[in-house]
Amino acid sequence: MTTRNFQALFHPEAIALIGASDRPGSVGEVVARNLASGGFRGPLRFVNPKGKAILGQPSYPTVADLPETPDLAVIATPAAAVPGLVADLGARGCGAAIVLSAGFEANDAPTEALRQALLDAAKPHLLRIVGPNCLGFLSPGHGINASFAKAAPPSGSVALVAQSGAVAAALMDWAPTHGLGFSHVVTLGNALDVDVADVLDHLGRDPETKAILLYLEGVRGARKFMSAARAAARSKPVVVIKGGRGQAGAKAAFSHTGALAGADAVYEAAFRRAGLLQVTELGDFLDAAATFAKGTPRLVRNLAILTNGGGAGVLAADALEREGTAPVELSEETRAALSKLAPANWSGRNPVDILGDAPAALYGQALEVLAKAPEVDAILALNCPTAVTDSTDAADAVINAAPRGWTPKPVLTAWLGGTGVVEARRRFARAGLPTFETPEAGVRAFALLRGYGLALDRLLHAPDGSEGAGDSATARAVVEGALAEGRTSLSPLEIQAVLGAYAIPIVETRIVGSPAEAGAAADDLGGEVALKVLSRDISHKSDVGGVRLGLEGASAVQAAADEILARVAALRPDARVEGFMLQPMLARPLAQEVLAGIVQDPVFGPLVMVGAGGVAVEVLKDRALGFPPLNDDLAREMVDATRISRLLKGFRDRPPADLARLAKVLVSLGRMATDLPEITELDLNPLLCDASGAVALDARIAVKRPDAATPSSAILPYPAHLARTVKVGDVTLCVRPIRPADAARLSEMVDLSTDHDVHLRFFGGMRHLSPDMTARLTQLDYDRHMAFVAEAPDGEIWGVGRLVEDPEGDSGEYALMVRSDRQDLGIGRMLLKEVLDYAAARGLKEVWGDVARENHRMRAMADAFGFRTHTDEDDMARVRVVLRIPEPA
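Each residue of the sequence shown is one higher than the one before, counting from 787 in the working numbering.
The set of hints was computed from the structure by calculation and includes no laboratory data. Honestly, I wouldn't trust all of these hints.
Under the rule of at most 30 Å between Cα atoms (straight-line distance), these lysine-lysine pairs were calculated in the DSBU-like manner [to be verified]:
id, residue 1, residue 2
1, K1490, K1327
2, K996, K1028
3, K1080, K936
4, K1028, K1080
5, K1080, K1195
6, K909, K1631
7, K996, K1080
8, K1158, K1195
9, K1407, K1435
10, K1513, K1407
Use the sequences and the hints to build the structure in full.
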C-alpha cells in the first residue's frame, strides 16, 4: 500500500488516544502527557472505557462516542483489543493508527492469528498501521508527540526512521545537546503494514525533510526497498546504520561464493547500490544529522583545512587520507592571496596553518580567500585554544565570513577543547554551521558530503540492457536438462556450455572414467596437464588431495589418478567418484588468482561476487558484492573495492592485469544471474587474470528450480521484452523502453523541436536539457518509471511517452513529446496508447497528466482516449483517465 493515507499520519487534523490513562507511569498516561504538551493545534481526544477525566480533559468510553472522526489514532491498549479497535476506527473513517501495544511478537499460532486479525481489520478501510510494538511517531514542527519517549526533540529538517524504539529514544535524547532537531521521527516496531520503504517513499518527497537517518535491522521485500531507497537518495541524503551485522544471512557450503556472502556484506552492497551512506556508530549518525541539516551541495570533492595549530591540521590530513583522498592542492593564486594576509611563516599549503597566535580577523579573511578558490569545494576550520587568542572571537569571524547559504561551499568546524570552547560551539550551532569535537569527526563529515556526491554519480550508472548479453536459450536448455534429471549441480561439460554461452572463458576440460583413460587423454592433449577428481560429493577437491598439477605423459597421469583414488577412499569413503577431469596447464606465471561468481541471498536475490581467489579464499575473505544488472563502471567499482585490486593494477615486474576483461566477466555473470534465476551459486575459482585477459581454471554451478520463496532480482533489469516494431505511415519505428545510451539522442530530439513545443512539454523557460536532467530522463528505475521511445531506422528519437507511477502503485503521471518536425504522423497517439496499455498491464487504476491550457493538440488527444478534465486552473489543466474501476471496499 506504500504511502496511501500518509496524509493522516503526517498531517492529521484530529488525533485520538485509545487507552489513555491517569495512572502515573503507565504508557497511556505518558502518551497522553506527550500529546498534550506537544502543541498540536487540532482536536485531541482521549478514549478510556471508564470515561474518567485525563489531564483535566474529558474522555470518551468508546471510539463511537468521539465527537469527531480522528485522522490519526494512537492505540495503547492490551494486544487482544487492538483488532476490534482498528475495525471501529476504520468504520468511522480514521486514516492511520499508531499501535504502541506489545504482544504481537511471538511466532506461535495464536499470535500469528492476532497479527492477521489486525491486518484484516484495517484492510477494508485502507487504514494504515504503524507498529505494533513501537515507540510511536513524532512530528515536532506540527506539534505531534504520539510516543512514550522520555524526551521530545526540537523541530528540525532531519527525519529519523528506526526499527528500534530504543535507538530512536537515545538519539532524541542526545539531539538537543548537539543542536539538532527533527522534521519527523518514525519508529516501526513489527512493521505489519507501514514499512521502511513506505516511509522512505514519503520522506523522499517531503519538503520539510532535508536528510533522512535510517536505523535498519532487516528488510522485507528487497525490490520495494531498493526502489524506495534509490528514489529517496536521488533527492536527499539518506544515512543508514545497520544493526545485527552478523553472519545470519546467506550461508552455504557448496561454493566459495556462498561461504563468503554474509548478510552484512549483502546489506553493504545494497546500501551502496541504492545510494545510501552507511555509518557504523551512533555518534557518526549524529554527526551526519548535523552535516546534512541544511541539505547538501551536489558536488563536493575537495577539502581545504584552515587551522591555527599544525598538529590539528596534520590529524585532519591523516584522517582525510584514511577516507581515500588528500587535502586539495591550492592554486598559485590562492596561495598568493593567503600570503598577503597570513604571517610570513604560515604553512604555505593545505592544511592552511595560520599559526597559534592568529587573531580572529585572520580566520575570517583566510576563510574568505578559500571560499573564493575554485579548487576548493568545502572548508574545515579547526581551532586549538591558546592563551593569546579567543576561540569564541575566532568562531564569530568564521560565522561572519562563511558563504551565505549551504549549497555554494559548505563550511565545517571543529573547535578543539572542553569548557573553553562550549560557547563557540553553541554559536556555530545557532548559525547553522556543523561543529564537531575533533578534526577526525570533521573529516568524516566532509567524507559524508563527498560520499553523497559520489552516490549520486553511482545512481546514474544504469545498465541499458545490452551489457553481458549471451545465448540465454542455450544456457537455459542445459540448466533445464539438469533439473529434469533431478540434479542440483551441473557437470563440467555443462558448465563449459553455460559459461561459453555468455562468452566467459574457461580452460578446456576432458572428462574420463578411469586412470587408464586419464593417461590416454593426457597423451592426446600433449604437454603438462592438471588432473582433478570428479565427484559430486566432494565440494573442495584440494581437501582430499584430489588435484594434481604439472603432470606430463600417460604413465605419470595414470599413477596420479590411482593415488587420488586411494586418498579419496581413505579420507572420504562415502564419496562417489565418477571419474577425472583433465585440463591443459596454462603457462601464466604472472597471473593473479581471482574469485568470481554468483550467489543467491534469501532476501535480496542474486548477487555477483569478486575477490581474491585460490584455496585460501575463506581465510582471506577479500570480496566485493554487486547487484545485477551490472555495467562496466559498476563492475570496475566492485573490483576497486577489493584488496587484490592493488595487485591487479601491477607491481614490480608484473604488468597490470586486463581489468576491462575482468569487468566484462562480472557483467556477464550479472546478466546470467538475471536470465537464469535457477542458478543458486556459481563459482569461478581460480579465475586467472593478467595482462592477456581472464580465464577460469575451475568452476562450479549449483541449480534449483525457483519457488515462491525465491526472491527475484532486487533491481529490475532493462525490460527488453517490451520492444516492438510499429508501422507509422511509410516508416517502421522501433518502440522500446528508453535506456541510458539514449541520452545524446534525447537531447538532440529536444534541440530539434521548437521553443513552443519544448515549453509545452517541460513548462518554465528551459530550452535545452542539462546533462543532469538528461541522465534522470534516461536512467530509470524500471520498477516505477517507464519511458517508451519511438526510434527511427537511422537511430533518431522522434518521440517519447513517459509514465511515472505513484509509490502506492494505483496511479501514474504521463507525459508525451514528439519532435516538432515529426508531428502529424500519428506518433503521439501511438505512444500514448503504448503508455496506457503498459499502465493497464501494471494494474494501475488511473493515469493522469498536467497539460498546458494552450496545448490544444494534447488536450484533444486526451479527450479521444477518454481522459476527462479533473482540475482546470490558471494555465494548466489536470486530466485523468480511469483504466479500471476500483474494487468495492
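We went through each hint and held it up to the structure:
1. For a cut-off of 30 Å, the pair hint linking K1490 to K1327 stands: about 23 Å separates their Cα positions.
2. Between K996 and K1028 the CA atoms are separated by roughly 21 Å; this keeps the pair inside 30 Å, and the hint holds.
3. For the hint linking K1080 to K936, the alpha-carbon distance of about 27 Å falls within 30 Å, and the restraint holds.
4. Distance hint between K1028 and K1080 is fulfilled; the C-alpha atoms sit about 24 Å from each other, no more than 30 Å.
5. Between K1080 and K1195, the direct Cα distance comes to roughly 12 Å. Compliance with the 30 Å bound is thereby established for this hinted pair.
6. For the proposed pair K909 and K1631, the alpha carbon gap of about 18 Å is at most 30 Å, so the pair holds.
7. Distance restraint check for K996 and K1080: the Cα-Cα separation of roughly 6 Å lies within the 30 Å cut-off, and the hinted pair is therefore satisfied.
8. The suggested pairing of K1158 with K1195 holds, with an alpha-carbon distance near 9 Å, which does not exceed 30 Å.
9. Distance hint between K1407 and K1435 is fulfilled; the C-alpha atoms sit about 20 Å from each other, no more than 30 Å.
10. Proximity of K1513 to K1407 is assessed by CA-CA distance (about 55 Å); at most 30 Å being required, the pair is judged violated.
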